[in-house]
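The chain contents come next:
Number of protein chains: 2
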Amino acid sequence: MTQDNSYPSEDAVKFATFGPKIDAYNKDAVDQMQAFDPEFYKKCTAAIPSAEVLDSDPVDATKFWNLLSSEEQNIVGNLTIADLTQKQLSGELTALQITEAYIKAAIVAQLATNCVMQFLIPEALQRARELDQYLKDTQKLVGPLHGVVVSLKEHMNYKNKMTTASYVAYMDNFPENEAVSITILNKLGAVFHTRTAQPQGIMHLDTWNNITGRTRNPLSTRLSPGGSSGGESAIVAMHGSVVGHGSDIGGSVRAPAAFTNLFGLRPTTRRLSLMNGLSSGKGQESIVAVQGPLARSIDELDSYMKAYINEGKPWLYDPMCVPIEWRKEQLPAKIKIGVLYDDNLVTPFPAVSRGVRETVAKLSKCPDIEIVELNPTWYSEKEMFDIYTANLKLYTCDGNKVQLSMWAPSGEPLLPLTKHYMKFGGGEELSVCGNKELNGMRDALRVEMLQKYFSDLDFILSPTYNGPAEIPGQSLYWGYTSFWNLLDYPNVVFPAGVYHDVEKDAVVPELKNNAYEKMVWCDDKGGIKYNAESYVGGPVALQLTGKRYCDEDVVAATKKIVSILGIERR
Amino acid sequence: MTQDNSYPSEDAVKFATFGPKIDAYNKDAVDQMQAFDPEFYKKCTAAIPSAEVLDSDPVDATKFWNLLSSEEQNIVGNLTIADLTQKQLSGELTALQITEAYIKAAIVAQLATNCVMQFLIPEALQRARELDQYLKDTQKLVGPLHGVVVSLKEHMNYKNKMTTASYVAYMDNFPENEAVSITILNKLGAVFHTRTAQPQGIMHLDTWNNITGRTRNPLSTRLSPGGSSGGESAIVAMHGSVVGHGSDIGGSVRAPAAFTNLFGLRPTTRRLSLMNGLSSGKGQESIVAVQGPLARSIDELDSYMKAYINEGKPWLYDPMCVPIEWRKEQLPAKIKIGVLYDDNLVTPFPAVSRGVRETVAKLSKCPDIEIVELNPTWYSEKEMFDIYTANLKLYTCDGNKVQLSMWAPSGEPLLPLTKHYMKFGGGEELSVCGNKELNGMRDALRVEMLQKYFSDLDFILSPTYNGPAEIPGQSLYWGYTSFWNLLDYPNVVFPAGVYHDVEKDAVVPELKNNAYEKMVWCDDKGGIKYNAESYVGGPVALQLTGKRYCDEDVVAATKKIVSILGIERR
Chain A
1 MTQDNSYPSE
11 DAVKFATFGP
21 KIDAYNKDAV
31 DQMQAFDPEF
41 YKKCTAAIPS
51 AEVLDSDPVD
61 ATKFWNLLSS
71 EEQNIVGNLT
81 IADLTQKQLS
91 GELTALQITE
101 AYIKAAIVAQ
111 LATNCVMQFL
121 IPEALQRARE
131 LDQYLKDTQK
141 LVGPLHGVVV
151 SLKEHMNYKN
161 KMTTASYVAY
171 MDNFPENEAV
181 SITILNKLGA
191 VFHTRTAQPQ
201 GIMHLDTWNN
211 ITGRTRNPLS
221 TRLSPGGSSG
231 GESAIVAMHG
241 SVVGHGSDIG
251 GSVRAPAAFT
261 NLFGLRPTTR
271 RLSLMNGLSS
281 GKGQESIVAV
291 QGPLARSIDE
301 LDSYMKAYIN
311 EGKPWLYDPM
321 CVPIEWRKEQ
331 LPAKIKIGVL
341 YDDNLVTPFP
351 AVSRGVRETV
361 AKLSKCPDIE
371 IVELNPTWYS
381 EKEMFDIYTA
391 NLKLYTCDGN
401 KVQLSMWAPS
411 GEPLLPLTKH
421 YMKFGGGEEL
431 SVCGNKELNG
441 MRDALRVEML
451 QKYFSDLDFI
461 LSPTYNGPAE
471 IPGQSLYWGY
481 TSFWNLLDYP
491 NVVFPAGVYH
501 DVEKDAVVPE
511 LKNNAYEKMV
521 WCDDKGGIKY
531 NAESYVGGPV
541 ALQLTGKRYC
551 DEDVVAATKK
561 IVSILGIERR
Chain B
1 MTQDNSYPSE
11 DAVKFATFGP
21 KIDAYNKDAV
31 DQMQAFDPEF
41 YKKCTAAIPS
51 AEVLDSDPVD
61 ATKFWNLLSS
71 EEQNIVGNLT
81 IADLTQKQLS
91 GELTALQITE
101 AYIKAAIVAQ
111 LATNCVMQFL
121 IPEALQRARE
131 LDQYLKDTQK
141 LVGPLHGVVV
151 SLKEHMNYKN
161 KMTTASYVAY
171 MDNFPENEAV
181 SITILNKLGA
191 VFHTRTAQPQ
201 GIMHLDTWNN
211 ITGRTRNPLS
221 TRLSPGGSSG
231 GESAIVAMHG
241 SVVGHGSDIG
251 GSVRAPAAFT
261 NLFGLRPTTR
271 RLSLMNGLSS
281 GKGQESIVAV
291 QGPLARSIDE
301 LDSYMKAYIN
311 EGKPWLYDPM
321 CVPIEWRKEQ
331 LPAKIKIGVL
341 YDDNLVTPFP
351 AVSRGVRETV
361 AKLSKCPDIE
371 IVELNPTWYS
381 EKEMFDIYTA
391 NLKLYTCDGN
401 KVQLSMWAPS
411 GEPLLPLTKH
421 YMKFGGGEEL
431 SVCGNKELNG
441 MRDALRVEML
451 QKYFSDLDFI
461 LSPTYNGPAE
471 IPGQSLYWGY
481 TSFWNLLDYP
491 NVVFPAGVYH
501 DVEKDAVVPE
511 LKNNAYEKMV
521 WCDDKGGIKY
531 NAESYVGGPV
541 ALQLTGKRYC
551 DEDVVAATKK
561 IVSILGIERR
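Chains A and B are the protein sequences, given in the same order.
Residue numbering for the first sequence is 1 to 570, as defined by the working numbering.
Residue numbering for the second sequence is 1 to 570, as defined by the working numbering.
Looking at chain A on its own, in the form it has when it is part of the complex (with noise of 0.2 angstroms):
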């Protein structure tokens, strides 16, 4: 990095000659929306307001739902993966009228929030006509997902069509093998319509990037819709799908799902295939990246993974995924979560924290629930703070290298969050000897946190991210999510029907002292840079974690929470 803060691989003249790709790949974007239904688009270009507006004001984009008629409405908003395959079954609906309701909702949700990179209208059109045929002649589904449609995050390989993972120095790369999850979600019978964005680098849990421009949270639209699986997060919250198609690698799946108000899972590393998809992640394995789903019911998740990995077998298509089926859950009559009220190094804010309190309570009335406070026995701050300074370094073990050659050929800008990142290790190269020291560590948390917690406890309950919705550009702090990532615990996201509430949530508590304390809630001088004002309308979620391998379970037991919390679809 020099002096003034830049990096060397940014150069504005440079980047300027990319300027015509990126106007007409966004170009496409919009002409297939126009060719789709010109009227429609007319209608809702009217209806929804600038992205001026958008960005500065708290506005509830599923407001524009109502763009739709009550019959589209009713497919997207009300029919889960079961009620989309029966209905095509008993021919109460087509494949084709899902897909166009659900391109409609994808419009709407585009112009809201900035969530699509790349339509796939006229795919989508074909295949679901496919299907009908299929279904007409045959008398039965493709699969599992027959007519369901699922939004692809943009940096899964698609065959022929460009795919950059928001890097514009990739706007020439068309793959010629596709995303192993795409072979299977295909073979399942999904309708794919759009590849939603993602931000730069992959690396925030925010989504910015430079090909796209930033995604907006539709819950409140001057908020972030998290990242980096921030456009499935838009999509799926603006009803524009009914799964969306993710990766995690340090919350990538889960802020988002927080952020809208969604259930996402990041499951056991190699459950889900990661084959053939663009990061700059290839032989990193020191913290391992996955792919999982965002939805609007736990039931549709736990659906979406039993057709994903008992039908789809992604063990036969790539040799790294491990081949365990999606099991009948194993729940014991009574279950042992342990809560975390606070990670012991950044406190949350006062919407998490009541958030936490007031879903324990709700949970403590139940005579199948015991709760156990984890706080008094968790690692302490110096602890957390050497664990955590660890798991930064391994995301940047390479020294950015990896990254900074992927920037380079366009010299395009580098964000601020993603300036954030590379500085996470330092910027240093570790050396091979450096890594693997840390590796042993990674282990030993392992092997203590399955003897130490998961001995006695079934679940951990969490917060999933410091705040509720975050401000663009300020989710600084990955350790409530990060933390999995490094151990290599699977969870599940849920929503805990809790809302940022600007009086409720206005005061300050005790602070801590270390540095990531101070990064999430002090300005550069020193004083408290957190205000409640800023957080209107943002949701906050929970995150319950499980034994490895042991999703199936973290799921059941979501839906056992969720019930009890009162949680219904989205």
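No lab work stands behind these hints, which were simulated from the structure alone.
As the structure is a computational prediction, the values presented were derived from the model and not from experiment.
Check each hint, because a few of them may be wrong.
Unchecked claim - Quick list of in silico lysine-lysine cross-link-like pairs, PhoX-like style, CA-CA up to 25 angstroms:
1) K313/B x K328/A
2) K452/B x K313/A
3) K452/A x K313/B
4) K365/B x K336/B
5) K401/A x K393/B
6) K393/A x K401/B
7) K282/B x K452/A
8) K362/B x K504/B
9) K159/B x K452/A
10) K328/A x K328/B
11) K529/A x K419/A
12) K328/A x K282/A
13) K87/A x K136/A
14) K452/B x K334/B
15) K452/B x K187/A
16) K313/A x K334/B
17) K328/A x K560/A
18) K334/B x K313/B
19) K306/A x K313/B
Fit chain B to the supplied structure of chain A, relying on the hints for placement.
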């Protein structure tokens, strides 16, 4: 490395100070053998030739089985795991009788092959008595390995027992925890009477260290028993234990099994636990080590794995283990086997090529087996050169720093095969970027293997090693086994029923021109060093490889193959 070919960690003066510790350690083994049965020990030392004779002559040490009574010979020679447990249930045998017979056989094994590092005779006898009492009290076996005598590769932590992994500097290391595998085998009812030898650094396909010296091959004592689990292969081949529990990161279960005519399994990673062991590998993930058993029959490998995994459930103790049951095999009616006569990089010695030819000739006659010749479509010499070179670099990716740090405190001299190993990657530490790149290449190979070969084939049959059992210090080329560690596909090694023949195997074939080929076949001046006379008594074993996590099927197919070949229990 300094110019005289010595490393800075070597220090003869410092090493001399460890002499008394080493002597005391070895004296303990002698004391335990004598204390167990002074008369028997005397009889053995009188009958078994001196180390000098055993090291220079091709002595078939199995003839010393006659030092045991015929009852004892029957117990250790003829009874499988199933027989042993059943005869205890029926009251025909006690765990104590079994244990005593195996202790005697282990003493003979030790005196002939120097395979044991540490005896556990008092512990084994006490354990046997407890098992007998339990059976008497409950009419039940403790588990599927009740009274089954298992030898343990020494680098597995044994609670409160000196654990060195053959590092002289670790002669003060008395672990507080024990290897998870020991916990599991204990739970299953196994008896431990010995901890066996591994080479310096646990990184030779041979067994020689500075604490207990060199281990010999029971079938021809001047040959190597293979390594690094050579203590296990020697003791099992001498009928000194039922199963040997070894480990493998480059061939360390398979070369020993091959050199001593046993069955050995290198499972897919993370099926057996590696937790709580001593090695230099902590945190190294590019090539992941596995534990695996050596046994005298394929049926016993099968039942051992089934017991360990399905009853032992290693994932309850070790979060790195995958919770995949040892399932019933799923073999097609006709199995399709690709045969690799030569890896296209290092031409095997004549006995091995003959072994493959004779095996294929027999299998080809079986209507249930289809043979496909793989060499025409296999990786080219250039490709294999690059793959093997990358493979070697990954073994020493930290520039040997951890190894050297473990040798330095004792100043122990580095043995020839240790120095050979240390030069694998040129002795230089990779950068994290360089490491990631090689990992990426490895992952691409894993996928290609699935898509290009295992999409059509069920299994691949190949040599286990370039020669029959090797001359000590000459196991230079790991490629036939290490290729599969790099790719992490599981294999079983089985005896081909073929032995090196001085006359049949005298002719040197046409050779390739690459450096690895020359290292194996030629001396420093480029002359042929291969001498058929050197390999008298050396058996040939082949390696069967299957898809990742399909270990059960590889075992099942091996059952079929050895039944066709008429290979009996050893």
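Comparing the hints with the structure gives:
1. K313/B x K328/A: holds (18 angstroms)
2. K452/B x K313/A: Between K452/B and K313/A the Cα gap is close to 19 angstroms, so the pair holds against 25 angstroms.
3. K452/A x K313/B: holds (19 angstroms)
4. K365/B x K336/B: holds (13 angstroms)
5. K401/A x K393/B: Holds, because 21 angstroms separates the two Cα atoms, which is no more than 25 angstroms.
6. K393/A x K401/B: holds (21 angstroms)
7. K282/B x K452/A: holds (21 angstroms)
8. K362/B x K504/B: holds (19 angstroms)
9. K159/B x K452/A: Given pair K159/B, K452/A holds - Cα atoms ~20 angstroms apart, limit 25 angstroms.
10. K328/A x K328/B: holds (20 angstroms)
11. K529/A x K419/A: holds (20 angstroms)
12. K328/A x K282/A: violated (33 angstroms)
13. K87/A x K136/A: The hint holds at about 13 angstroms.
14. K452/B x K334/B: At roughly 20 angstroms apart (the allowed maximum being 25 angstroms), K334/B and K452/B satisfy the hint.
15. K452/B x K187/A: Status holds; Cα separation ~21 angstroms.
16. K313/A x K334/B: holds (23 angstroms)
17. K328/A x K560/A: holds (15 angstroms)
18. K334/B x K313/B: Not OK: K334/B and K313/B at ~32 angstroms, beyond 25 angstroms, violated.
19. K306/A x K313/B: Holds: K306/A and K313/B sit about 24 angstroms apart, inside 25 angstroms.
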